[in-house]
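Build out the structure end to end from the sequences listed, making use of the hints.
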Amino acid sequence: MDQLVAYGIVGLATAAIYAIVGSGLVLTYATTGVFNFAHGAAGMLAAFAYWQLSVGWGWPVPLALAVVLLVLAPGFGLLVERVVLRPVQELGDAERLVMTVALLSGSIAVARWVWDPNQPRSLAPFFAARAPIRIGSAAITWHQAITMAVAVVVAAALWFLLNRTRAGVQMRATVDDRALVGLTGADPVRASRLAWVLSTQLAAVGGILVAPAVALDAGQLSLLVVSAYTAAVFGRLRSLPLTFAGAVVVGCLESYLTGYLPQNPYLPGLRLAAPALLLLLALLLFPHRRLRHRVRRLVPVPVPTVRGTAAFAAATIALGVVLATVLGEPHLISYGPIFSLGIIALSFVPLTGYAGQISLCQLSMAGIGAIVWGHLGTGGQLWALPAAIAVPALVGALIALPALRLSGIYLALGTAAFAVVLDRWIFTLPSFHLFGLHIALFDQSSVEMAGPRVLGHVVDDPAGLLVFAAVCLAVVSVGVAALRRGRFGRRLIALRDSEAAYATIGGNLLRAKTAVFALAAGIAGLGGAVYGMQLQSVTADQFGFVAGLPLFLIAVIGGLGAVGTGLFTGIAFLVPVNLAGALAPRAQNLVALLPGLAGIGLGRNPEGIVPSLRRGWSGPTGPAGTDVPVEWWGLRREWRPQDGEVLDRAVAGG
Amino acid sequence: MPSLAVSEVTVAFGGTRALDGVSLTAEAGRVTGLIGPNGAGKSTLFDVVSGLRRPSSGRVHLGGVDVTRMGPARRSRHGLARTFQRLELFGRLSLRDNLLVAAELGPYRRRAGAAVAEILDRLALADIADRPVDALPTAVGRLVEVGRALAIRPAILLLDEPAAGQDGEETARFAVLLRSLAAEGTAVVLVEHDVSLVMDVCDLVYVLDLGKVISVGPPAVIRRDHTVLAAYLGGP
Chain W
1 MDQLVAYGIV
11 GLATAAIYAI
21 VGSGLVLTYA
31 TTGVFNFAHG
41 AAGMLAAFAY
51 WQLSVGWGWP
61 VPLALAVVLL
71 VLAPGFGLLV
81 ERVVLRPVQE
91 LGDAERLVMT
101 VALLSGSIAV
111 ARWVWDPNQP
121 RSLAPFFAAR
131 APIRIGSAAI
141 TWHQAITMAV
151 AVVVAAALWF
161 LLNRTRAGVQ
171 MRATVDDRAL
181 VGLTGADPVR
191 ASRLAWVLST
201 QLAAVGGILV
211 APAVALDAGQ
221 LSLLVVSAYT
231 AAVFGRLRSL
241 PLTFAGAVVV
251 GCLESYLTGY
261 LPQNPYLPGL
271 RLAAPALLLL
281 LALLLFPHRR
291 LRHRVRRLVP
301 VPVPTVRGTA
311 AFAAATIALG
321 VVLATVLGEP
331 HLISYGPIFS
341 LGIIALSFVP
351 LTGYAGQISL
361 CQLSMAGIGA
371 IVWGHLGTGG
381 QLWALPAAIA
391 VPALVGALIA
401 LPALRLSGIY
411 LALGTAAFAV
421 VLDRWIFTLP
431 SFHLFGLHIA
441 LFDQSSVEMA
451 GPRVLGHVVD
461 DPAGLLVFAA
471 VCLAVVSVGV
481 AALRRGRFGR
491 RLIALRDSEA
501 AYATIGGNLL
511 RAKTAVFALA
521 AGIAGLGGAV
531 YGMQLQSVTA
541 DQFGFVAGLP
551 LFLIAVIGGL
561 GAVGTGLFTG
571 IAFLVPVNLA
581 GALAPRAQNL
591 VALLPGLAGI
601 GLGRNPEGIV
611 PSLRRGWSGP
621 TGPAGTDVPV
631 EWWGLRREWR
641 PQDGEVLDRA
651 VAGG
Chain P
1 MPSLAVSEVT
11 VAFGGTRALD
21 GVSLTAEAGR
31 VTGLIGPNGA
41 GKSTLFDVVS
51 GLRRPSSGRV
61 HLGGVDVTRM
71 GPARRSRHGL
81 ARTFQRLELF
91 GRLSLRDNLL
101 VAAELGPYRR
111 RAGAAVAEIL
121 DRLALADIAD
131 RPVDALPTAV
141 GRLVEVGRAL
151 AIRPAILLLD
161 EPAAGQDGEE
171 TARFAVLLRS
181 LAAEGTAVVL
191 VEHDVSLVMD
201 VCDLVYVLDL
211 GKVISVGPPA
221 VIRRDHTVLA
231 AYLGGP
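Residue numbers (the numbering used here), protein chains in the order written: chain W, 1 to 654; chain P, 1 to 236.
The hints are simulated quantities; they were obtained by calculation from the structure and are not laboratory data. Bear in mind that the values here come from a model prediction, so they are computed numbers and not experimental data. Some hints here could point you the wrong way.
Covered stretches of chain P, as calculated for chain W (at least 3 residues, CB under 8 Å) [what the hints assert, rightly or not]:
hint : segment
1    : 71-77
2    : 81-89
3    : 95-105
4    : 147-157
For every residue, glycine included, the Cβ atom is placed at its ideal position computed from N, Cα and C.
Spelled out as structure tokens, the structure:
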């Protein structure tokens with residue numbers, strides 16, 4: 001009984017932190033429509049800053065707290081609002097998401113650059129010296145008591161702000177229609193600034209309160225908030241009371257799992273993965289209002305020509321041959337994965353670029369492909385390669401089933417949760433038997449990877465593997481280009497542009513989504529298998545969720561509509577890191593910032609880099625749509641001023 | 001047997017009823033008009049018929065088959081197609097591809113390209129067929145939606161304000177198109193604010209106000225109906 005109460009108190013204290021962080025998340029989502037993946041990163045940065053001031057420089061605790069919460073956090077919030085999010089306000093989910101993912105991966109990079117991760121740091125709990133408060137047999141530490149009290153104060157203050165102040169009402173109005181709020185004389189920009197400031201402060205409070213319980217590690221702290229995400233999803237990203245209730249459920253569940261989960265080699269990972277599993281469950285069980293954010297600027301998807309595609313494929317292979325001939329052994333190893341990572345990145349093009357389905361678990365799919373090749377292709381038999389495509393494709397198809405219920409940001413969250421579950425639990429499992437099959441994953445260590453046997457000859461030297469990877473990328477690029485030109489590609493684009501219209505002309509959403517998820521997972525699986533061959537042995541953390549973020553980021557920067565994005569991503573992912581590593585080892589962490597910074601540049605060029613390059617290559621491609629005469633109903637006439645009025649009326653009426 | 005039969009359909013949003021026991025039929029070879037002030041429930045009714053919204057009660061039959069529990073895709077296989085008042089185009093595809101996607105999913109799939117070319121000619125859109133649709137004016141977009149609906153060779157065609165933004169001459173041509181579609185045996189249901197267009201082309205007109213059918217009859221009768229005048233003009 002005592003144990004039950006003790007775990008309950010720990011659970012409630014954890015819940016208080018999740019509630020604080022989660023309510024910040026709800027605040028920005030409800031006000032600006034942006035789901036902030038980097039919310040935890042803001043808390044992480046605050047915890048590090050607080051450590052620097054209070055421990056590193058020995059400032060008094062109240063002063064350090066005041067500086068972090070009242071100066072640094074609001075400043076960071078304002079910066080994020082101005083630099084990161086305003087430019088993408090009118091773009092689609094993928095583009096807005098990428099900004100916060102860029103911010104997340106950028107913040108982690110900054111923290112690792114400023115605070116050397118090899119040096120351990122810790123924060124003491126508040127009032128650690130004081131004796132715990134005793135209530136009956138249970139003891140509550142002062143830190144826990146403060147945490148719970150802060151959560152209550154936050155709840156009361158937020159309620160007051162949103163319901164009883166003018167600023168709060170404006171914040172609530174802003175999400176419904178920014179333009180409309182502007183017309184009523186309120187200032188939507190000010191409302192969203194206020195939301196970002198408050199939300200960053202809440203993240204900071206949460207980060208500082210949670211830091212003493214865990215090691216001060218940038219990645220870990222940033223992802224601790226997965227549980228806060230779960231709480232926010234309980235509140236359907238809108239309701240603060242439900243978010244608080246969700247936080248209590250998640251906090252207590254985690255605490256009791258720690259206490260009561262039986263000891264065996266299969267379950268420790270389950271405890272770590274529990275928040276992500278809960279998030280998946282919450283996403284699937286709670287009905288979500290269909291997000292009908294109207295994308296005002298659709299990013300076009302170029303139609304590749306047959307000649308252009310052939311030339312691109314030939315150039316890809318030629319590049320592979322040149323690199324294989326020119327580079328020495330160490331460089332072959334460091335630059336070799338350009339092509340295999342390119343294949344994985346190319347899987348985003350049909351899935352996210354054409355069909356608009358955001359998946360953050362493509363690197364995990366690649367991991368599954370690598371495992372399959374590692375276990376089945378031990379002698380390099382080529383038949384194992386289709387298996388390394390088919391197994392991830394099957395898993396991808398399974399993900400598509402929930403995907404039918406989720407869209408936009410919820411889908412991104414769901415796939416992220418899936419990746420985290422794989423990371424923390426499934427990939428760490430020892431080998432097991434299922435339905436009489438012996439299933440081995442990473443076997444808690446690394447898996448050796450053989451090279452493929454081509455024409456009776458096993459390719460296992462880095463140069464040969466590099467050419468093999470280049471050929472694979474060229475083949476997949478041709479396939480994706482053919483897809484874009486064909487019936488299935490048209491359907492995917494149609495599906496993304498209007499699900500309602502696609503369904504009313506007889507399109508089957510489930511079939512199309514399942515097919516594209518399977519296809520993309522298959523492509524990623526192939527990429528993973530080839531990547532593994534080049535690495536010669538693979539471990540689970542090479543295919544982790546965090547490792548996959550920069551890949552997604554660079555692919556979005558390259559332009560998800562363009563087939564050339566695969567090769568672009570491979571190059572942009574590896575070349576700067578390796579160059580910096582060779583020229584200035586200290587700058588290597590700084591290079592990890594580049595995808596983040598470039599992602600933030602996306603607002604200016606939402607089409608991505610590859611389509612611009614393509615245009616630069618082929619010259620101007622015909623006039624833009626607006627200056628043509630109106631051609632309608634067989635009449636050709638000049639644009640009249642009334643047409644503008646009709647257009648405006650239609651837009652306003654719509 | 002009517003091509004489309006809606007019986008006693010009610011849609012409630014919380015306490016308010018967007019549709020309140022609405023019944024309506026549309027026959028093959030006829031143009032059926034549906035008019036009413038903004039907010040009367042016209043688009044909601046189209047959503048119910050096309051399967052995008054579940055009614056709280058009531059049934060929908062297409063060609064005698066009860067489709068109330070079917071999703072939009074299956075209803076389209078029973079011959080239903082629609083356009084949207086708030087455009088739902090495939091913005092990143094060309095005009096031709098917008099129609100092609102539909103043709104490839106419907107009965108034309110074996111000769112989709114040729115069928116699309118015929119429809120483009122019929123709507124006089126062939127000259128601009130390879131433009132991306134999101135660069136076209138809204139009024140043209142409405143026509144593209146009509147073309148996309150035709151590309152699945154519908155037996156029942158729901159048109160939601162297809163002529164908004166057209167000038168007089170264009171509307172006149174559009175009326176001819178509607179009559180010719182009906183002459184080919186299609187059941188056309190037309191929601192339109194241009195009352196004179198409705199009165200010119202429709203065989204039967206339903207008047208909807210505040211979620212209820214307040215009047216139904218041939219145009220000549222509706223024109224003189226006092227309830228209709230009251231709903232539209234705020235007084236008899």
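Against the structure, the hints:
Figure legend: the segment 71-77 of chain P, annotated as covered by chain W; annotation consistent (6 residues with Cβ-Cβ distances under 8 Å, at least 3 required). Against chain W, the segment 81-89 of chain P contributes 8 residues with a C-beta closer than 8 Å to a partner C-beta. That satisfies the three-residue criterion, and the hint holds. Coverage of the segment 95-105 of chain P by chain W holds in this model, with 7 residues showing a Cβ closer than 8 Å to a Cβ of that chain against a need of three. Given as covered by chain W, the segment 147-157 of chain P passes the check, having 4 residues with a CB less than 8 Å from a CB of that chain where 3 are the minimum.
This entry satisfies every hint, going by the numbered hints stated previously.
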